[in-house]
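Chains as they are written, first to last, in this note's numbering: chain F, 39 to 448; chain E, 3 to 151.
Derived from the structure by calculation, the hints contain no laboratory data. Hints may contain errors.
[Stated by the list, open to error] Cross-link-like lysine-lysine pairs, in silico, DSBU-like; alpha carbons within 30 Å at most:
hint	chain 1	residue 1	chain 2	residue 2
1	E	K124	E	K145
2	E	K148	E	K99
3	F	K266	F	K329
4	F	K249	E	K99
5	E	K21	F	K266
6	F	K249	E	K110
7	F	K288	F	K325
8	F	K233	F	K296
9	E	K110	E	K124
10	F	K414	F	K446
11	F	K358	F	K333
12	E	K148	F	K249
[Unchecked claim] The calculated label-pair distances, taken between Cβ atoms and stated as ranges, are:
hint	chain 1	residue 1	chain 2	residue 2	range
13	E	M14	F	V241	27 to 37 Å
14	E	L22	F	Y137	16 to 26 Å
15	E	L22	F	K249	16 to 26 Å
16	F	L159	E	M14	48 to 58 Å
17	E	E27	F	R389	36 to 46 Å
[Claimed, not checked] To list a few chain E residues with every Cβ distance to chain F over 10 Å, as calculated:
hint	residue
18	D26
19	K99
20	K124
21	S140
Built from N, CA and C at the ideal position, the CB exists for glycine as well.
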Amino acid sequence: MAEKYEINQTEVWDGNYAAAHALRQAQVDVVSAYPITPSTPIVENYGNFVSNGYIDGEFVMVESEHAAMSGCVGAAAAGGRVATATSSQGFALMVEVLYQASGMRLPIVLNVVNRALASPLNVRGDHSDMYLGRDAGWINLDAFNAQEAYDMNLCAFRIGEHLDVRLPVMVHQDGFITSHTAQNINPLQDEDAYKFVGVYQPVEEMLDFSKPVTYGAQTEEDWHYEHKARQHSALMRSTRVIDEVFADFKALTGREYKRVESYMMEDAEVAVVALGTTVETLRQAAKELRKEGLKAGVIAPRCFRPFPFDQIAEVCGDAKAVCVMDRSAPGGAMGAMFNEISAAILATGKRPLVTNYIYGLGGRDFSVDEAKRIFKEQKAHADAGHITTQIQQFSGLRGPRLGFFESKRS
Amino acid sequence: MRGAAATEKRGMRELGAEKLVGWDEVTHGVVINSFEGDAANIASLTSEERIYSDFNSYTATVASWRVVKPVYNRDICIDCQNCWVWCPDTSIISRDKQMLGIDYDHCKGCGVCVEVCPTNPKSLLMFIEAEENDSALSQWPEKKKKEKE
Chain F
39 MAEKYEINQT EVWDGNYAAA HALRQAQVDV VSAYPITPST PIVENYGNFV
89 SNGYIDGEFV MVESEHAAMS GCVGAAAAGG RVATATSSQG FALMVEVLYQ
139 ASGMRLPIVL NVVNRALASP LNVRGDHSDM YLGRDAGWIN LDAFNAQEAY
189 DMNLCAFRIG EHLDVRLPVM VHQDGFITSH TAQNINPLQD EDAYKFVGVY
239 QPVEEMLDFS KPVTYGAQTE EDWHYEHKAR QHSALMRSTR VIDEVFADFK
289 ALTGREYKRV ESYMMEDAEV AVVALGTTVE TLRQAAKELR KEGLKAGVIA
339 PRCFRPFPFD QIAEVCGDAK AVCVMDRSAP GGAMGAMFNE ISAAILATGK
389 RPLVTNYIYG LGGRDFSVDE AKRIFKEQKA HADAGHITTQ IQQFSGLRGP
439 RLGFFESKRS
Chain E
3 MRGAAATEKR GMRELGAEKL VGWDEVTHGV VINSFEGDAA NIASLTSEER
53 IYSDFNSYTA TVASWRVVKP VYNRDICIDC QNCWVWCPDT SIISRDKQML
103 GIDYDHCKGC GVCVEVCPTN PKSLLMFIEA EENDSALSQW PEKKKKEKE
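Here chain F stands alone, though its shape is the one from the complex:
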């Protein structure tokens, strides 16, 4: 039996350490990992827990991130609870195997400590890696601070392993800002955390020798489409389980999570949509602007996949201007989240003025003052009745103003 870890009601942990403790408390059977900045301390601390007798499971050091996820796939197919962590280039190298994991319906938990993608090489936080994996068929949960990194990990096991879901889950947190900033955390005691996560239930496990199975079969045009449809259906329908798990988590801890988080949106005239730590910056800006009389609100998809298409339009309410912020170089298009939010709003028949900001690439700071400026710009759009700037703009960029596309003005 693993040693019990003494935990105070309040601990001072950063996002990485919080995630490592969540993995320990979930009593993961196999962690197969290849450490990379800024996610390194998750598996480093996990290794420490293993060496000090706090974990019964296996810790497998492999030769690359491709191998790390492959090890996870093998261990999960064998019938174990499995988790790992990565960032950026490591995530990019993992991508091929991410599709294998979801296609084989293996409920692996992957901590992605978001970091920019090279070139130029950069270790700071942006959402390039998150966006790279968004079509990989995984559930994507986003933590905005260290407490949430801990909470989302515990929820991730429950959600992914649910017999109606059986899909892998990524838990995202911002590189350095969340992963390396120590905050007050209220963790659960080991037994309470494990009770919440539950005993792992294997499905079609390869180590059941009475029922030999093949994983990773080939399917061509006569089968592939149906299998992908079933997988997509499971992902889309996982929302019910996600809501249930969040409700159970609230009952246990008092901490409430929703697939779309909204802040002061009830009567908001202008709104900004973002992911990660930026959400907290925006909340602070909105709170301050409310004192100045600007009805500002914040929308944050907690659950990036399955994308909460229906709930987005709902929380947008009667906002007249909505700005969607993408922390990833869009590669010749509007920001990906701008496109998704726009489509979700459009499908309801509402027509707020929707604009796009690219920001924070490679860890460029995003301040409360800049957030306020963007809120005020939305107010200008709303008052004018049309978009007064270019539709895609760049926040916090040096040099001449960069922007693309304009809407026709009357």
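Place chain E on chain F using the hints.
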């Protein structure tokens, strides 16, 4: 043909001839069962005794992929098992270290078995697919004399 005995219980079909079902009926995660029922004792059964699932490659034939085939000559074979060891498609049928013949449902005609056969003349030779096995056996070459140096 003695080798044909092993194929009797299989219910062979062409590859891709399984029943096509809708997206809601396909297996979870493309996980495929190899056998029907409890297979805990499977290692002690011969392939003829096992109940393979419809998705096990054993129940699908790839005979139509073959252009040339190996023909087995029992009269020369010394049961050395070389062909059984080397066959990449488990298509040499051998029981109790006695060679029974070729599994023509899975053999793809690569010719490795002929290559590794040590007898003189060889106990396995390649013939075109259309050649009847009895006819092939009647054309078997004589023992080659060792050339003196």
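Outcome of the hint check:
no.	hint	result
1	K124/E <-> K145/E	holds (9 Å)
2	K148/E <-> K99/E	holds (29 Å)
3	K266/F <-> K329/F	violated (50 Å)
4	K249/F <-> K99/E	holds (28 Å)
5	K21/E <-> K266/F	holds (18 Å)
6	K249/F <-> K110/E	holds (29 Å)
7	K288/F <-> K325/F	holds (25 Å)
8	K233/F <-> K296/F	holds (22 Å)
9	K110/E <-> K124/E	holds (19 Å)
10	K414/F <-> K446/F	holds (21 Å)
11	K358/F <-> K333/F	holds (11 Å)
12	K148/E <-> K249/F	violated (54 Å)
13	M14/E <-> V241/F: 27 to 37 Å	holds (31 Å)
14	L22/E <-> Y137/F: 16 to 26 Å	holds (24 Å)
15	L22/E <-> K249/F: 16 to 26 Å	holds (24 Å)
16	L159/F <-> M14/E: 48 to 58 Å	holds (57 Å)
17	E27/E <-> R389/F: 36 to 46 Å	holds (42 Å)
18	D26	violated (7 Å)
19	K99	holds (26 Å)
20	K124	holds (35 Å)
21	S140	holds (41 Å)
Consistency with the previously given hints fails for numbers 3, 12 and 18, ordered from lowest to highest.
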